[in-house]
Structures are given as C-alpha cells and as structure tokens.
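K.L.:
We have chain P; now place chain L onto it with these hints.
Here is how the chains run, residue by residue.
Protein chains: 2
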Amino acid sequence: MASDGFKSLLKEKTSEAEKTVLSFLPEESGFQRDVAEAVNYGVRSGGKRLRPILMKEAFLMYGGQDPAIDAFMAAIEFIHNYSLIHDDLEAMDNDEYRRGIKTTHAVYGEGMGVLAGDALLNLVYEITSSQVMDSPDMETMKRRALAQHILADKAGINGMVGGQSADLSAEKRGEASEELLLFMDEKKTACLMEASLMAGAALAGASEDDIRSMEECGSAMGIAFQIRDDILDVTGSREEIGKDAGSDEKNGKMTYVSVYGLEECRRKVEELTDKALSILKDAGGDPGFLSDLIASLSGRSK
Amino acid sequence: MASDGFKSLLKEKTSEAEKTVLSFLPEESGFQRDVAEAVNYGVRSGGKRLRPILMKEAFLMYGGQDPAIDAFMAAIEFIHNYSLIHDDLEAMDNDEYRRGIKTTHAVYGEGMGVLAGDALLNLVYEITSSQVMDSPDMETMKRRALAQHILADKAGINGMVGGQSADLSAEKRGEASEELLLFMDEKKTACLMEASLMAGAALAGASEDDIRSMEECGSAMGIAFQIRDDILDVTGSREEIGKDAGSDEKNGKMTYVSVYGLEECRRKVEELTDKALSILKDAGGDPGFLSDLIASLSGRSK
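Respectively, the protein sequence lines represent chains P and L.
Residue 490 is where the first sequence starts when you use this note's numbering, and the numbers rise one by one after that.
Residue 490 is where the second sequence starts when you use this note's numbering, and the numbers rise one by one after that.
If we strip away everything but chain P, and leave its shape as in the complex, we get (with noise of 0.2 Å):
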C-alpha cells in the first residue's frame, strides 16, 4: 500500500523528530546522573516517534510558524516513553524486553524504573512551562497554554492514567465488557494520538471546531492503531513487534481479539481508519502526509 515516496518521506520525518526529541534529553552530570541515564536510555530505546511526527503534521496542516513545536513534540515524546517505562516495571506488565531490546527497569533497576518514569512525566512540564512562560506575546502565551492543557488532560486520570487503571482493574477482578475494552483502548491508547493532533492544531492557532476534529480523528486512529496492535500480538513475529508474540494471552489480557476475533478485528480496523480519512479530508486544512501515514498505520507490520 505505502509508496516509495511516502516511505522515505516518513524516514526523513522520522530522523527529524528523533533529533527534535532528543535534543530535550537531560544531561547525565551529577549526582543525579543514574536517574538522567536511566531516562536517556528509556527515551533513546523508542521507537517510531510517532506521536511528535503527529503533532508536527497537524501543526504544519494549519500553517503552524511558532518555535514552541519542537519543545512539544518532546514533551507527548516524552510522555508515551514515560508510560512504557512504567508499564514496563515488574510491579505492572513485568516485561523484560520492548522493541527487542531490555526494558529500563531491567538495567537499571525497578526503583530506579519508577523515578525514570517520574523524572519523564515532570520533564514534559518543564520544557512546556518554559515555552508558556517565555511567549512573546499574549496570543501565542494563550495557544501554548492550551497545547499544554490539552497534553496534561489527555494524559492523566481522565485520559491515559485512566485507561492504564482500568486495565489493572479488570485483569485483576477478570471484568470483561466491550464497553470496558473501548474505554481502555480509548484512554490507554487513542488519548495520545488526539492529544498529538489537537495540540499541534492548538499551537498553529486552529479554531476551536478544527481542535475538536483533531480530536475526533485521533481517536479513530488511535483505536484502529490499537486493535492492530492486538492482532499483531497474536499473528506477528517477535522481529516484527519487538516482543514476544502471545504477550498478551500469557499476561491473561482482554483485548480486541480475544473478544471479537481476528476477521472482525480487521474489518474495525479499516472501519476505523476509513473514519479518520474522512474526519481529515473534511477538517479543512491540507493533510497532505498526515493521510498516507494514518492509511499506512492500518497495514503497517512494526
């Protein structure tokens, strides 16, 4: 499906978020260097930066100009790394390897992992409150604020937190409901990917309504983006998801698949996806790469 194109445009996206992400990094000197080094390897192990590449699509969708981007794309970086590295921990999903490679904890230690985790989630406020706080004028103050709302709101209690303790909640009590299922999917997952588009859109100065479509997109996205996740747990490789398949079953998960199968878990996922195009075309901007990367997440194998 994805063409040539496409694909070395994502790669250049790609390398340039990384370096955008990594370049927010704290530097491991003193005597708080474990915990610095513990974060730059949790940050450093991760992934397809997705999210940052998110932001920065919506953000140039609606003719976005302010510096602040990149200081953002870092912090929803940053704290999709933070809930990796906490899920991680012994104490929740007691993964050894993500990605193929050692999970935080398990270098450098579960106590350590925690603080890690901690030091990522307060580091996304630091470098966001620096940017409100440094505005140059009152309109860009006010669009900053609300990117970093938007961020805070998204991932906590009501947003990401809220999905991560509803999971724990119904592998403990065994509860199953698709209503549940959607609820974590939505929270745990889909949070992110609106938080990334309405906060780009936020910072570009958007209009309440084309936040909201941001919103709506990243939802569909993020809940498609979920499922074949799910299906990927089941059918892929340990090369191709970075862990080892089944983690799911062996962990007594309910997920998508295990409830509706794999046929109808493929067909929600181009449900979903043709949903997020739709919300996209009709959003007003020009979504340009944004499409072909929602499209290509439906079929992507990593």
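A couple of the hints might just be wrong.
Where chains are identical, the list cannot tell them apart; a pair therefore holds if satisfied intra-copy or between any two copies.
Okay, derived cross-link-like pairs now, DSBU-like style, lysine-lysine, Cα gap no bigger than 35 Å in a straight line [said to hold, decoys possible]:
1. LYS742 x LYS591
2. LYS661 x LYS508
3. LYS764 x LYS631
4. LYS500 x LYS764
5. LYS537 x LYS496
6. LYS502 x LYS631
7. LYS591 x LYS496
8. LYS508 x LYS631
9. LYS502 x LYS764
10. LYS757 x LYS742
11. LYS591 x LYS661
Simulated from the structure, these hints should not be mistaken for lab results.
P.N.:
Quick look at chain L alone, frame taken from chain P:
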C-alpha cells in the same frame, strides 16, 4: 516555644489548607475509579499540609490576590503526596506504614501505587495549566506561568527527583560524603519548600529579587527540616513520627545524624533556622505568622 496563639492559628490555617487541597481531588467514578480511590487515599492520609500553608503565607506576605492560589496550593501538596506514594513502594523504601496508617501501595497493590503517583503528578499540571490558560489578563497569565514553571523545575530531575535518585544510588553503592548528603537534603526536601515560598511570591507578583530571597529562605528551612526529621528518626517514638523509629538505620541510610551525631545536628538546625528567619526579616514583606511557623519547625516533635 510556640505560643497558644500560634498553635490555634496554625490549626486554623491547616484546616483551611486541607479543605483547599481536598477540593481538587478527582471523583471516584467511571472505569478509572480504582486509581481515583488510591489517589484520594494517598492525599487524604497526608499530614500537616505544610507546603500549601507556606505557599499561602508567602503569597499573603507579598499582597497576593489571585484566586489561582488555591489550585497552586493543591498542586504543591500533590507533588509532595505523589513523591511519598512512590517513595513508599516496595521497589523504593518498602514502607508499609506512614504517619501510623497503611501506605497507598500496601492497601491498593504495588501496580496501583505506581499509577496513583503518576495520576497525582500529572494532576498537578492539569490543574495549574487550567489556571494559566484561563487567566484574565497577560500580567496574571505571566505570574501563573512562572509559578507553574517554578513547581516543575523544583519537582524534577534537577530538583526533588534528582535528590531521590542520588539517595537510591548512594544506598546501592554505599557512597557517603558531606557534599552528597547536602545535595540529597537540598533536593529531596528543601526544593519543595523553596517551590512553595517562591510560587506563592510569584503568584502575588513579587520581584525577581524577592522570589530569590524566598528560594534562599526555603533552602535553609528545608535543610533544617530534614535534619530535624533525621534526628526524630533516631529519638522519636512511633506515635510521634508515624512510622517505626530507626527506619533510616534499618534501611542503611546515610543521614546527617549517622554522619555528624545528634549534638552537631541540633546545632545545625538552630543555625539554619536563624538563617531562614533572618532572610525573611530582610525580604521586605510582613512575615508575621510565617516567621513563627519556621521557628516552630525547629522544635517540632511531629
């Protein structure tokens, strides 16, 4: 030392701060109710509310009138509470009791303890970013953004988390030096006292010089507070300190007491308290109750 007038004023201000802090807690509903319960348990079991009181007093001292003070008082207490929840984890200090009652992870499980701390830390920035975003004018927005930046800076890798990391590393490697000890106490304990006083002053529109004075005052009182805590860990009863005495020794922790002995520590507490009071006196505001509070902390038994 503390007069009856001071004691009843402190009781009143503690009860006001308590009410303010609790008003920002999340609802216990929806699929995320478990983490909301754990968050609320952790905050409700939470002690003296010293940091929000400090913030409010600095705010009043500089003539503050911004209603955002309430959200920032909750925010500083939430940073403190999240750090306690994570510090108590099995992966960290492994404390089953704090202030005589069960710790959050001891009640809700280690995984939920991790998530409750995450939710609480993120909540700090949900509520402060709301305040920044909804500012009525540019001047107020700038003050709130600065106050938020102060909290983020003092809570993070170059502040509190940096101190926790140094502590964990020192324990693991058996390192000990006066420089390291000072770093740990400055970062782990004093940083949040500094943040309290500085953010209160910033919200009130105090000058850069005044905010710097608040930082120095918070540093001196914070280190005094930590040394006093180390002294109590050796000399206090379980009733007085809310946990088993000798827990530092049990955990092999290097503290001021283990390095300098009790008498030298008592002398240091007096010296640092005098320093904090003298900075406050020179700071230009009307310290009033704040001086009494700082003086009382050097003689506190709890």
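K.L.:
A separate judgement is required for each hint: does it hold in the structure or not?
P.N.:
Here is what the structure says about each hint:
In the homo-oligomer, the alpha carbons of LYS742 and LYS591 lie at most 35 Å apart both inside one protomer (22 Å) and across protomers (30 Å), since each shortest distance falls under that limit. In this assembly of identical chains, LYS661 and LYS508 lie within 35 Å of each other by CA distance solely across copies; the values are 33 Å between and 40 Å within a copy. In this assembly of identical chains, LYS764 and LYS631 lie within 35 Å of each other by CA distance solely inside one copy; the values are 31 Å within and 40 Å between copies. In this homomeric assembly, LYS500 and LYS764 come within 35 Å of each other (Cα to Cα) only inside a single copy, at 26 Å, whereas the closest approach across copies is 57 Å.
For a Cα distance limit of 35 Å, the shortest separation of LYS537 from LYS496 inside one copy, 13 Å, qualifies, whereas the shortest one across copies, 57 Å, does not. Taking the shortest Cα distances, LYS502 and LYS631 sit within 35 Å of each other both inside one copy (28 Å) and across copies (34 Å). Taking CA atoms no more than 35 Å apart as the test, LYS591 paired with LYS496 passes inside one copy only; the shortest distance there is 28 Å, against 54 Å between copies. Proximity of LYS508 and LYS631 under a CA criterion of 35 Å is satisfied in both settings, with 27 Å inside one chain copy and 30 Å between copies.
Taking the closest pair of Cα atoms, LYS502 and LYS764 come within 35 Å of each other only inside a single copy of the chain (24 Å); across copies the shortest separation is 54 Å, beyond that limit. Proximity of LYS757 to LYS742 under the C-alpha cut-off of 35 Å is restricted to the intra-copy arrangement: shortest distance 19 Å within a copy versus 55 Å between copies. In the homo-oligomer, the alpha carbons of LYS591 and LYS661 lie at most 35 Å apart both inside one protomer (26 Å) and across protomers (21 Å), since each shortest distance falls under that limit.
The structure meets every hint from the earlier list without exception.
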